[in-house]
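Hints in hand, dock the two standalone chains.
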Amino acid sequence: MSNLYFTILVFVFLTILVALVVRHGRRAQRASTADWDELLGRLECVDREKIAAIARDALGNGQTDAQGALEFDGISIETMLGGLEGLEKLQRNCEVLIDLAAYVQRWYPEAVVDAEQLRLNARELEWHVGRLRGAAETGNLHSAFGDYAQRAVVIYYLMTQHVLELYARTSVSGVAQLQAAL
Amino acid sequence: MHLSAFDGFLWGTGVSCQAVLLAVLFFRNRAKEFPIFTALVGWSFSGAIVLYFLHRYAGPWTYYYGYWIAGTVDMLMQVAVVCEVASHVFAPLGRWAPDVRHSFIKLAGGSIVFALVLAMLQSPDRSTFMETVIARGTLFSAVLMSELFVGLVAVSATAGLPWKTHVARITQALGAYSILCVMLDTSTTWMAWPHQAHAMHAVSQVRILAYNIALIYWSVMLWRNAPAPRELPDSMRMQIFQLHRQIEYDLGRIRGWRKI
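Taken in sequence, the protein lines are chains A and B. Following my numbering from start to finish, the first sequence increments by one per residue and tops out at 182. Following my numbering from start to finish, the second sequence increments by one per residue and tops out at 260.
Here chain B stands alone, though its shape is the one from the complex (with noise of 0.2 Å):
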């Protein structure tokens, strides 16, 4: 297999973007705050450097398959990290709130179905059976992503839970790129090896063109503070403290108040 010249270039920006990224989590203590976003990051990387070595010293079925387990590990950390956005953003005091957990689990089920669906309504045409199933599971990580991302945001806006900055912003990224992942794969589905690998090859440039402005927007992003905080005095948090039991307590009684 050859590498263009663009090809090269794609993976030296994906690999330095991931570097830059990386030393933002750790230099700005964010990897502390996000560490599954961390080992994602961190699992691309090497990633990239491992399938590279692959690609130039290795036969083609040993990078392939090489490939396709990454792929598969990358999609499953990408499905972390919607937990661990989803516990950043359901979980404001430390537990999840208990109104929003019912509705994130189905939201998650549903989430499997629909992308399982759609990814055995698709009919690639490909000409091996391996060649579709791979098709089929790449269409189902994008559309699995996207939905969990976009039901995130349904779902926290429902409930009128805030996002914190820099969660926002992992978040907006990565549904962005899931979203147009779908696009594509829904347009390499008219497309076949042996007559259009060239527009197949193109396509997954643009993949990855996506994902390298994705690393730019994340290294531009988490590098920045969120706004300052001020801190509560001790008496104010004294008294609120008091307000909320008093609160609590005469909603206890409402709540086991019965009408005469």
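So here's chain A without its partners, still in its complex pose (with noise of 0.2 Å):
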């Protein structure tokens, strides 16, 4: 290969590079340094009372039928959520709850094992959001959204009800904006 062309390809290489760093380097940055309402003003609103009664439901504390099937079917979750895009919604706030419990992961580095945790449901939240997605490309969103989207739900909701004790365990103030926003 020609010096030239070679210069040239080791040129888009580092600024490929160099691009890689500002835009993850930034998500990194934000989630370290973010305040306190800066990270509440990212959680997206969501309908928490339909959260809780879709969870609930699977959870067992809501009421089932003789036969222990469940109150909610594929088509009212979805219509409750307002579809992939409600999932979709469900999903950026968990990297909120993540930074959250980064947030107190600053004083209290012990809160380590709950940021873990967190990340690793928001990872399977991810996936169940990634697998509706391809239902709806191959044109199987509502028949796939009851099942996907309910465990989803159920993880959001027990993410939230953790960060919410994390942060009435630890004393870090702002438990009841917290509980307001989510």
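No false leads were slipped in.
Anything over 12 Å on all C-beta distances counts as not near chain A; from chain B, calculated:
#1 LEU3
#2 GLY12
#3 LEU22
#4 ARG30
#5 ILE36
#6 SER46
#7 ILE49
#8 LEU51
#9 TYR52
#10 HIS55
#11 ILE69
#12 ARG207
#13 ARG224
Listed next, with one range per pair, are the computed distances between beta-carbon atoms:
#14 ASP35/A to PHE114/B: 33 to 41 Å
#15 GLU44/A to GLY110/B: 29 to 37 Å
#16 LEU116/B to TRP127/A: 31 to 39 Å
#17 ARG224/B to GLY60/A: 48 to 56 Å
Think of the hints as simulated: they come from the structure by calculation, not from any bench. Virtual Cβ for every residue (Gly too), placed ideally from N, Cα, C.
Quick look at the structure:
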């Protein structure tokens, strides 16, 4: 390869590396330095009553019929959540929940266990949303929605409970604000 | 071979900076936390002294082989430092997070292949086979290191894993140094020993200067303490542990759940 083409290739390679560092570094920087208001401001508005109802239904706290069937079917879950878009909102909120746990971790490094647990839960939720995206592409969204979405909602619901509990236990201020935001 | 006053200055500051950094690593107890990084600094320190004496008292070939043996070991140790950094970032609870292990293996494999391809595409203007191998080997090392460090940042940000202060500082400087080395090694592709010996020598001086700046940066950053943490009281720890168990139980039920 001629030196000119080789130099151009290295230039493109370095540009990609720098772009990756800037893009991902910014995300990491935002997570590690974000203040409380900024974190809460990133939480997208979701209907927490409906989320709690769907989650409790799956966890067995809701009403079930004589055969133990769940109250909500796929269509009603899809309507309650606002379809795939609603689930994607939950996925984005999961990232904020991880950052909220990392916020506590700044003062209590032992909260790393909670942050890691939340991070793994978020990956699990991401996986369910990914399956639904795949189902949407093949035109099977409606048949798959109830199954994957309810699992995703339960994970999200438990994550919110986890973060609220963490804040309440560690006495980091802002629990009431957080409760309102979640 | 003759060393200019500026070469002597670079060598002197380099060895002094390495000695200071080693002192910081041991006196501030960072050596326990970063044993491989400490070994790398120790190796560079002792290597610089041995090479100086080889340069002064041994023949040019002895120095030549000593330089490249030291350089090869240095590169292998830098790869080991990447693994050390990765274990700090990707194993927050003492074992590797299951969702990033696969990504890291893919990153390492892809980085090696790409660095090899880029090194093979280089056509350095060198007169001997050995000089070509050395030029390609140096570029391979710089490309591999820069890919790995950028990859670590990308994988950790994607997975949402935070960086501890000291780990981040070690990575920043080593990553920036590697990227600069890629630029310098690419610039030497255009140069040939007999005609542009001065230019190549200047490039090597820039490289040493950049490494010395990285050494100073590490010394300052590793001397400073990370933000002081607080400890969770036992009662809180127990309550959080119970909460974990409850959540794991609920999630376990949901994972095994089949809709009727």
